[in-house]
Amino acid sequence: MRIGDLATASGLTTKTIRYYEQAGLLPEPPRTAAGYRDYTGEAVNRLAFIRDAQGAGLTLAEICGVLALRDSGQAPCDRVSRLIDQHLDEINRRLVELRKARTALRDLARRAADTDPRSCTEDDICRIIRPQTPLSGAEDPEGPDHRPSASR
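Using the numbering used here, the letters of the sequence shown map in sequence onto residues 709 to 860.
Hint data in this document are derived by calculation from the structure and do not stem from the laboratory. Quick reminder that beta carbons are idealized off the backbone N, C-alpha and C, glycines included. Any given hint could turn out to be false.
Stated by the list, open to error - Simulated restraints on C-beta separations:
| hint | residue 1 | residue 2 | range |
| --- | --- | --- | --- |
| 1 | D786 | A741 | 38 to 48 Å |
| 2 | R801 | A717 | 35 to 45 Å |
| 3 | R810 | N753 | 33 to 43 Å |
| 4 | A821 | P735 | 52 to 62 Å |
| 5 | E729 | R810 | 35 to 45 Å |
| 6 | R790 | A756 | 16 to 26 Å |
| 7 | Y744 | R814 | 53 to 63 Å |
| 8 | R810 | T721 | 28 to 38 Å |
| 9 | K808 | T721 | 35 to 45 Å |
Unchecked claim - The calculated DMTMM-like cross-link candidates involving lysine to aspartate or glutamate, where the alpha carbons are at most 20 Å apart (straight line), are:
| hint | residue 1 | residue 2 |
| --- | --- | --- |
| 10 | K723 | D713 |
| 11 | K723 | D760 |
| 12 | K808 | D797 |
| 13 | K723 | E750 |
| 14 | K808 | E798 |
| 15 | K723 | E736 |
| 16 | K723 | D746 |
Model the full structure from these sequences, guided by the hints.
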């Protein structure tokens, strides 16, 4: 089948298919006597695998590694299992970060609702993000009684 037919069958663009060939995800097909790419039905399956793997969060580089294993005759199950575990760990880390960000944003939203813009001064950047507080020695990392030493 020609590249246009493959694009239709796979739901991808011809540009994407050419990119996948260039990136090593899809083997370059043989050419017809007229020079057209001549794909087999296996290309449709391979493109569906790439799409599904991307949908699961795998990068193109990771997918390329999985396909290389399969192309060499090895079952990529162990590699895929490790990738899944790594991606799940990363998602769990990001979820923790997102929950913290949500909490911070909810606090800021409450502060925003209680902030009167007319109370801001020129010294304020934004009282919603950083409320104006008087400077105190407690903010000095050296402590409230720290005095700079005299020049020598």
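Right, here's what the structure says about each hint:
Remark: the range hint 38 to 48 Å for D786 to A741 is upheld by a beta-carbon distance near 43 Å. Separated by about 38 Å at the C-beta atoms, R801 and A717 satisfy the suggested range of 35 to 45 Å. Range check, R810 to N753: about 41 Å between beta-carbon atoms, so the 33 to 43 Å window is met. Between A821 and P735 the CB atoms are about 59 Å apart, so this pair conforms to the stated range of 52 to 62 Å.
About 42 Å separates the C-beta atoms of E729 and R810, a value consistent with the hinted range of 35 to 45 Å. A hinted range of 16 to 26 Å for the beta carbons of R790 and A756 is consistent with their spacing of about 23 Å. Taken as a hint, the range 53 to 63 Å holds for the pair Y744 and R814, whose Cβ atoms sit roughly 58 Å apart. Separated by about 37 Å at the C-beta atoms, R810 and T721 satisfy the suggested range of 28 to 38 Å.
Between K808 and T721, the C-beta spacing of about 39 Å keeps the proposed range 35 to 45 Å intact. Restraint check for K723 and D713: satisfied, since their Cα atoms lie roughly 13 Å apart, inside the 20 Å limit. Note on K723 and D760: the hinted pairing holds, with a Cα-Cα distance of about 19 Å set against a maximum of 20 Å. Between K808 and D797 the alpha-carbon distance is near 17 Å, which keeps this suggested pair within the 20 Å criterion.
A hinted pair counts as satisfied when its Cα atoms are at most 20 Å apart, and K723 with E750 qualifies at roughly 19 Å. For the hint pairing K808 with E798, the CA-to-CA distance comes to about 16 Å; that is within 20 Å, so the pair holds. A distance of roughly 14 Å separates the Cα atoms of K723 and E736; the hinted pair therefore holds under the 20 Å criterion. Simply put, K723 and D746 have alpha-carbon atoms about 16 Å apart, close enough for the 20 Å limit, and the pair holds.
Every hint, counting from the list given before, is met by this structure.
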